[in-house]
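Protein chains in written order, with numbering that gives the first Met the number 0: chain A, 0 to 296; chain B, 0 to 115.
Simulated from the structure, these hints should not be mistaken for lab results. One thing to keep in mind: the hints can contain errors.
[As the list claims (entries may be wrong)] Each pair of labels, with its calculated beta carbon distance range:
1. A:Gln53 <-> B:Glu100: 45 to 55 Å
2. B:Asp69 <-> A:His39: 23 to 33 Å
3. A:His128 <-> B:Ser44: 29 to 39 Å
4. A:Thr123 <-> B:Glu43: 47 to 57 Å
5. A:Gly37 <-> B:Glu110: 33 to 43 Å
For every residue, glycine included, the Cβ atom is placed at its ideal position computed from N, Cα and C.
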Amino acid sequence: MKTVSIAFLAALALPACASSQPTPQLVDARMAYARAQGSHANVVVPDRVLTAKQALDDAEEAHADAPGSFREANLAYIAERKALLAMAHAGIQMAERDRVSAEELHKERQQELRERAEKSLENTQDNLHSARQQIADQGSELVEKQRALTKAEQRAAAALASLEEVAKVKAESRGMVITLDGAVLFTTGKSELLPISREKLAHVAKALQELEDDQRVVVEGHTDSRGTDELNQALSQARADAVRSYLIEEGVDADMITAVGRGETQPLATNDTPEGRANNRRVEVIIKPSDKVAARQ
Amino acid sequence: MKMLLLKLGGVGLLAAACGSTAMPPPSMTEAQSSVRAAEAVGAESLPRGALHLKLARDGIEDAKRLIADDESEKAELVLERAEVDAELALALTYEAKARAEAQTALAEVRELGGTN
Chain A
0 MKTVSIAFLA ALALPACASS QPTPQLVDAR MAYARAQGSH ANVVVPDRVL
50 TAKQALDDAE EAHADAPGSF REANLAYIAE RKALLAMAHA GIQMAERDRV
100 SAEELHKERQ QELRERAEKS LENTQDNLHS ARQQIADQGS ELVEKQRALT
150 KAEQRAAAAL ASLEEVAKVK AESRGMVITL DGAVLFTTGK SELLPISREK
200 LAHVAKALQE LEDDQRVVVE GHTDSRGTDE LNQALSQARA DAVRSYLIEE
250 GVDADMITAV GRGETQPLAT NDTPEGRANN RRVEVIIKPS DKVAARQ
Chain B
0 MKMLLLKLGG VGLLAAACGS TAMPPPSMTE AQSSVRAAEA VGAESLPRGA
50 LHLKLARDGI EDAKRLIADD ESEKAELVLE RAEVDAELAL ALTYEAKARA
100 EAQTALAEVR ELGGTN
């Protein structure tokens, strides 16, 4: 309040001096206008800069009319404030523009991030989907394999069951053992198959054809202890070979079947009685356990 | 003729003011409402806003005194000054707010950029 009153006194005192010097307010107003004109305000709010210019013109006119007058000082003060006002409004508009463009940029970035996240989610979902598909495929493949294996086992079991009608079948640690009575297959001392034996061996061949591809079959020939070891060995081998040949003739894969003569080395019963010797004269068809079945258990 | 009428009007106004309670001139009302507008946006909280608000209020007080001293012409100039000070206080406050908002928006963009 006091400063304003002093300003008034000063302004009132000036005309008395009759000086042509501009009032300090007019000096300030000129400077403020020059700043406003040289600033962004001239571009952003030209109408306000023009208003400041008109206010300055009024102050200059007052100065020309009565230098240092109260009117000059006040109009110059107003002109200076109008120049400042123009700059303040330019500041508002520019800050507003900055804010709008920052917000637009913000939106763009958010959109970018969202798109990136969505893309990534999509990829993850695709990967998940194909992984699930793969698992499903593998699962059905496995089911298919198990089903095939089960069928094969069932066929083999059925074939073995039908075999039991014509031969003795026994599961042992060395495999499934089909024992054929020697007397039924061969004449004493010979290795030619008897006609009656062919029917039985046809059953065996049928059962063997149901086996897995990788299964091994061994045909073992056995004799009793009468005669020399060498003769018995040779006879048992010849008989095993004869049985093997016939089985192959009946359709069994030659690669899966081998023949071995065991001679009199592995008797099942005593060789001291006719019954015991009859039991020892035999041909065994041994089906080795399947690797596939073994692996599954 | 027009000037004469205005002068007569001015005399009439002064006569009425001297009669009983003084009727404030329209420029007084305008300056006062500009001060209130600046106060409403919180010009007081900004140093430059507070300065121009004070100058505007002082101007109004000076004008009142000038009116009482029969200096209505000077009072008009002082009121015009007061009004432009109040307007400046308001504009400076808006400017500070707009700049702060722009800064906040930019900071948000930078923050988002940082997560890339």
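Now for the hints, and whether the structure bears them out:
no.: 1; hint: A:Gln53 <-> B:Glu100: 45 to 55 Å; in the structure: violated, 32 Å
no.: 2; hint: B:Asp69 <-> A:His39: 23 to 33 Å; in the structure: violated, 45 Å
no.: 3; hint: A:His128 <-> B:Ser44: 29 to 39 Å; in the structure: violated, 59 Å
no.: 4; hint: A:Thr123 <-> B:Glu43: 47 to 57 Å; in the structure: holds, 56 Å
no.: 5; hint: A:Gly37 <-> B:Glu110: 33 to 43 Å; in the structure: holds, 36 Å
Violated hints for the displayed structure, listed by number in ascending order: 1, 2 and 3.
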